[in-house]
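Residue numbers (numbering that gives the first Met the number 0), protein chains in the order written: chain A, 0 to 358; chain B, 0 to 560; chain C, 0 to 370.
Possibly wrong hints are sitting among the right ones.
Straight-line C-alpha distance at most 25 Å; calculated SDA-like pairs for lysine to any residue [unchecked claim]:
#	chain 1	residue 1	chain 2	residue 2
1	A	Lys83	B	Ala44
2	A	Lys168	B	Leu126
3	A	Lys149	B	Asp61
4	A	Lys164	B	Phe98
5	A	Lys168	B	Phe252
6	A	Lys280	B	Leu126
7	A	Lys83	B	Ala295
8	A	Lys164	B	Phe56
9	A	Lys350	B	Leu126
10	A	Lys83	B	Asp509
11	A	Lys83	B	Thr425
12	A	Lys350	B	Ala72
13	A	Lys168	B	Leu132
14	A	Lys350	B	Asp61
15	A	Lys83	A	Tyr111
16	C	Lys14	B	Ala295
17	A	Lys290	B	Val143
18	A	Lys168	B	His149
19	A	Lys63	B	Asn347
20	A	Lys350	B	Leu60
21	C	Lys14	B	Leu60
22	A	Lys350	B	Thr425
23	A	Lys83	B	Asp61
24	A	Lys83	A	Pro110
25	A	Lys350	B	Phe354
26	A	Lys63	B	Ser351
27	A	Lys63	B	Leu126
28	A	Lys168	B	Gln147
29	A	Lys350	B	Leu65
30	A	Lys63	B	Val143
31	A	Lys280	B	Ala44
These are computed hints drawn from the structure, not numbers from a lab.
What follows is the residue order along each chain.
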Amino acid sequence: MMVNKRCLAVVIALVVAAVTLVGCTAQSPVAGPAAPVTLVVASHDSFAASEAVIAQFEQEHNVKVQFLTLGDAGAALNKIILSKDAPVADLFYGVDNTFLSRAVTSGAFEPYTPTQLSAVAADLQLDASHSLTPIDYGFVNLNADAAWFKSHNVPLPTQLEDLIKPEYKGLLVAPNPATSSPGLAFLLTTISYFGEDGYLDYWRALRANDLLITDGWSEAYFDHFTVGSGGKGDRPLVVSYTTSPPADVVYATDGRTAPASINVAIPGSAFRQVEFAGVLKGARQPELARKLIDFMLGREFQEDIPLQMFVFPVNQEAQLPELFTAYAQAPADPVIFDASAIDQNRERWLKAWSDVVLR
Amino acid sequence: MVPRTGRRVARPHRVRRGLLTLLYLAPLLFLALFYVYPLLAIFQASFSQPGAFTAIFAAILDPALLQLVWFTAWQAAVSTVVTVLAGLPLAYVFATYDFRGKSLLNALLTIPFVMPTVVVATAFLALLGRGGLVNETLQRVFGVSAPQLHAEQTLWIILLAHVFFNVAVVIRTVGGFWSNLNPHLREAAGMLGAPPARVFREITLPLLAPSLLSASLLIFLFTFTSFGVILLLGGPGFATIEVEIYRQAVNYFNLPIAAFLSVLQLLITFGVMIAYTRAQAQTSRTLRQQSAKRTARRPANWRQALVVAVCILLTVGALLAPLLALAWSSIRVDGAFSLRYYQALAENPRQSAFFVPPVTAIRNSLMFALATLVLSLPMGMIGAYMLAQPRTWLTALLEPLLLLPLGTSAVTLGFGYIIAMGELRTSLWLVPIAHTLIALPFVVRTLLPSVRALDKRLREAAAMLGASPARIWRSVDAPLLWRPLLIAAAFAFAISLGEFGATLLIARPDTPTMPMIIYRALGQPGALNYGQALAMSTVLMTVTGVALVLIEQFRLGDTEF
Amino acid sequence: MLEVERVGKWFEPGKLVLDGVSLAVRDGEIACLLGPSGCGKSTLLRVIAGLETPDASEIRFDGEDVTALEPYRRRFGLMFQDYALFPHMSVSQNVGFGLRMANLEQRTIARRVQEVLELVNLQGYGERSVDRLSGGEQQRVALARTLAPAPRLVMLDEPLANLDRLLREDLVEDLRVILRRVGATAIVVTHDQQEAFVLADHVAVMRQGQIVQEGSPEEVYQNPASRFVADFLGYRNLIAATKVEGAAGAVFDTAIGPISTARFAEAPLGWHGWIVFRPDAATLARGGADELKIEGKIRTVSFRGPITRIQLAPAFDPGVELVFDIPSVTARELPHLGDEVAVALHADGLSLIPAEPKRGEPLLNHIQQRK
């Protein structure tokens, strides 16, 4: 009997605790009548911004910004497209150029041309319909473990063909193009470099040269790349971003001021990714959403971008942090791929690639 | 007080029956609302796309489909068998012996079950990868330069990971059932001249069959829909149906094919469940159960003590080594001991808007887990009772329905939520609801063998003595269900703690859970990010362990019944 | 022949369950371990079966030391109180289990199963499922299963405890007949003295891990060795007594007055303990000088068919309460409530119980030293 009572008491306590706890937290975004309106911003998992910058926008427009994350870049955009008849948010940030034409043709976005677009380089303005506004861009590029190459007395590769040479056997790890956006970028790079006729032969040769494919970028970088894994991995070359070396310094534990990883400068091997944001059709706060697009192109937000998300701001007036200018210079001749060509051929290329590399 | 006859109590009057029906409908209603409806919505949206059936028809004709299905089923079957075999010795030790630290160990062994796949993959590679501890040791011991162990991106590491994740299911469900088996049955067989091996084969194993089947089914469903392990450890060379669904839905946005594969996955799951239900009906019988306190004994001599020690050491070694390696890495910074990574969790040097102190993340996780517990236990209990009833259309519907969520593609269901859940899409309540959907099959399966084995005569006797149904439950059923109920609670709580559900749900970065912090940290380069993921993983392990130990503590209540 | 010597067993340190028990059971003999629950009788049975490892002991069967032998090699049979029937097997599979373990031929097994089922009067039950049997039928299946492999020693743990009273009285006779017919050497554990008396050739009464009295049922019944045994056997008339005279016969000073009897000459003068009057050794007195008589007033009467039970308040001290069962045949005039009567006691119906219970030397110290 004693336990029965105790049991009952425990159950009641659990119910009360759970309801109040979830209730409290669930309530917080649903503000009272006097409070400012809420602007809902959806993005993929990697979105980040400074608190002060967000607060500045909230103050200027007497608005509360509520963020939602919808999974990785692909999943997030798909969720946005699926819910276009009843959007979950007012604004979506995080369409990259490989998904651009899918996003534009889906009709999920409301066209808007912000005035600050003039400060953005013309070649980044990829959407003629202005459904989506470029916010930032970056480059997928090979990173190398500088110390490894020095101590093993191997020169850094200077062209993509080097990677299939015997001295580079078993050195490269790359994420799967089918499931990772830098992986896809690298595949597109090889297509651009070797042409549709040649890229599969190159991958065949890479595979023969003991290329390691992981499913995601995190596994490639943290589990296999010698720098990212703290020496546990055995791959001194990784497909990552030109901005990874600055991050290596920012998130170092030993107070180092120069990164342990360096960008490999191979002409025509850096793939440019541009990220866009757009106002969603059917948004509850379309006016505020447009204001936020404007704000995202403004200097405060743009200068916040590099060290939050480790990509470059599109606004040419934005100052870059020193780490970026020192270790992550934008490559001179990036691969710029036509968005609609990607959309049309993605599935075919990936299938062909899988057949060659994974089977 | 009017003296009540047994007959009147045994037949509840109409109001009570109405209430009972309503109670019975709770899990059905829940599943209809949060499972069937969103799933139908996404299927409808997918199949109504132009050209959907042409694409599906082409996919059916593609021989790659058969290969995909075959590999998925094959790896799941092998994983299930290996996991059950690996879990049995410890289930035996747990059911038979009492020893110091048993409840702590029990809690620790459940931790792998709830660890996020990313964390486990990292831990596995740190141990078994080319540059991992095992290879490093082998290289040093044998003085060779090349790594000797090539486990990375092989089938072996997939199987190993599946065992690692799911062995707790065997230990808990089979062990729990085992400890309730009347030990006289084994002893009687022994007295009749059966040596231990034969006792096991002819008595214990057949009697354990219901719980073995139950555990196997759960593990099969779990590994059949395996996603993270296949991607992260198996690498891009392996694909299950679930992985292919993800690729089709997310990378190609090929919803018709994704939906078709989801339906295929559901159909196979359904077929397996029908086979399971048949087998279960043949093996389940009313067993007079014993309270576990009476059956578990301290090892009586050094030989038994040795068996216990070896079993524990092997299992613990195999299961906890990767986790310990992880915890060890989290306090090693640049070759020295340091709490730097833990400090970093509480710092916000770049003033990120999404920064949340670790304590808040722990609180968020605990609160979702608590809500999951509150939702899933009563519904799971009702579900188990319904399934234990003689078959009606209601039970026939509920049986597969309660399990199907495990065989359902998370991506597909997540997309279904987006279409169908309206305002609830962005509500925090959706988190415990989704966790409940995942936990419910475990709760039901854990309770079912024990509910089925409840001696009806005891209940009838209580009813004859004038006990109300509620009273009967408290005084007859509850003491026997207390243990499996705790196991179920542990599962539900732990599942919720470790669940990431990125593909399933819309996350609110202002209320992150512990797994979300881990994922976020792994999304950016830099040693400190990696270290924070290690630190938060260790915190997650610790919180899970402590929570499980606390749940175990309630077992002390055994004596008070 | 089974010989058990100085069995010691504890479950928790310092708490002895068996305290140096020794026991011998001759071939073909049915021994009964009798005692209240918790006295260690079932544990002793399990030690003999090999299911519990004793902390000190030697167990021999026909001279062979079986102490370290695994239970399945002992060729002993044990029937559990809850029967422990295998729920996944039919009646004949249950009964044939032990034969199968002995690797007998299929045909031999079938014949033997048939035979044993007939022995317990369950012919035709072979194919039934065990959970569809009544309690009595289950009990007989369990018995059949235990007997089927013809074990060297049959052990029955409370074989009748789970049955209702009427059935029990029938089955206890059947059980004796069956055990006799197969000529089994048997140990039966029970808490019911009736059962023990009906079944046993040899009764051992246990208390707190020790055997406190052993002997034939008659011996034990007629001469309980201690207050505990007397209480346990259901004696009600225990009167504190001191021997005050002891020349020709004995005279005891008791609460109900002096009692003189020709027996108990061997008790020394000043002996102190209890005198027990067996309730069934009394008649209503009708004259006769040298009969042992107690006079008093009848407080209650209950007619029970063959006997009439009366409660008597002795004239010497009406505060004491004595119970007698007067045979209804001799009571031509049945006693009535309130009658002043004299009860005549048969001298053989008296027993003496010493004040100090005889207890064996505790093994505890010995065992703790060994560990």
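Tested hints:
For the hint linking Lys83 of chain A to Ala44 of chain B, the alpha-carbon distance of about 13 Å falls within 25 Å, and the restraint holds. Taking the CA atoms of Lys168 of chain A and Leu126 of chain B, the gap is near 24 Å; set against the 25 Å cutoff, the hint holds. This hinted pair does not check out: Lys149 of chain A and Asp61 of chain B have alpha carbons roughly 49 Å apart, beyond 25 Å. Restraint check for Lys164 of chain A and Phe98 of chain B: not satisfied, since their Cα atoms lie roughly 60 Å apart, outside the 25 Å limit.
In summary, the hint linking Lys168 of chain A to Phe252 of chain B is not supported, as the alpha carbons are separated by about 35 Å, beyond the 25 Å threshold. For the suggested pair Lys280 of chain A and Leu126 of chain B, the alpha carbons sit about 49 Å apart, so the restraint of at most 25 Å is broken. At most 25 Å may separate the alpha-carbon atoms for a hinted pair to count; Lys83 of chain A and Ala295 of chain B exceed this at roughly 59 Å. Of the pairs offered as hints, the one joining Lys164 of chain A and Phe56 of chain B is violated, with about 43 Å between alpha carbons and a cut-off of 25 Å exceeded.
Between Lys350 of chain A and Leu126 of chain B the alpha-carbon distance is near 33 Å, which puts this suggested pair outside the 25 Å criterion. A C-alpha spacing of about 24 Å is found between Lys83 of chain A and Asp509 of chain B, which places the hinted pair at or below 25 Å, so the restraint holds. Restraint check: the Cα-Cα separation between Lys83 of chain A and Thr425 of chain B comes to about 15 Å, which is no more than 25 Å; the hinted pair holds. With a C-alpha separation of about 23 Å, the suggested pair Lys350 of chain A and Ala72 of chain B falls inside the 25 Å cut-off, and the hint holds.
Only pairs whose Cα atoms come within 25 Å are accepted, and Lys168 of chain A paired with Leu132 of chain B is accepted, the gap being roughly 23 Å. Restraint check for Lys350 of chain A and Asp61 of chain B: the C-alpha separation of about 13 Å stays at or below 25 Å, so the hint holds. Simply put, Lys83 of chain A and Tyr111 of chain A have alpha-carbon atoms about 17 Å apart, close enough for the 25 Å limit, and the pair holds. Proposed proximity of Lys14 of chain C and Ala295 of chain B is supported: the alpha carbons are some 19 Å apart, at most 25 Å.
Using a Cα cut-off of 25 Å, the hinted pair Lys290 of chain A and Val143 of chain B is violated, with the two alpha carbons roughly 63 Å apart. For the proposed pair Lys168 of chain A and His149 of chain B, the alpha carbon gap of about 17 Å is at most 25 Å, so the pair holds. Restraint check for Lys63 of chain A and Asn347 of chain B: the C-alpha separation of about 21 Å stays at or below 25 Å, so the hint holds. Proposed proximity of Lys350 of chain A and Leu60 of chain B is supported: the alpha carbons are some 16 Å apart, at most 25 Å.
Between the alpha carbons of Lys14 of chain C and Leu60 of chain B the distance comes to roughly 75 Å, so the proposed pair goes past 25 Å and is violated. The hinted pair formed by Lys350 of chain A and Thr425 of chain B fails the criterion: a straight-line CA distance of about 35 Å is larger than 25 Å. Restraint check for Lys83 of chain A and Asp61 of chain B: the C-alpha separation of about 32 Å exceeds 25 Å, so the hint is violated. At roughly 14 Å between alpha-carbon atoms, Lys83 of chain A and Pro110 of chain A fall within 25 Å of each other, so this suggested pair holds.
Pair hint Lys350 of chain A plus Phe354 of chain B does not hold up; C-alpha atoms about 39 Å apart against a cutoff of 25 Å. Between Lys63 of chain A and Ser351 of chain B the alpha-carbon distance is near 16 Å, which keeps this suggested pair within the 25 Å criterion. For the proposed pair Lys63 of chain A and Leu126 of chain B, the alpha carbon gap of about 46 Å is over 25 Å, so the pair is violated. Between Lys168 of chain A and Gln147 of chain B the CA atoms are separated by roughly 18 Å; this keeps the pair inside 25 Å, and the hint holds.
For the suggested pair Lys350 of chain A and Leu65 of chain B, the alpha carbons sit about 17 Å apart, so the restraint of at most 25 Å is met. Using a Cα cut-off of 25 Å, the hinted pair Lys63 of chain A and Val143 of chain B is violated, with the two alpha carbons roughly 61 Å apart. Between Lys280 of chain A and Ala44 of chain B the alpha-carbon distance is near 19 Å, which keeps this suggested pair within the 25 Å criterion.
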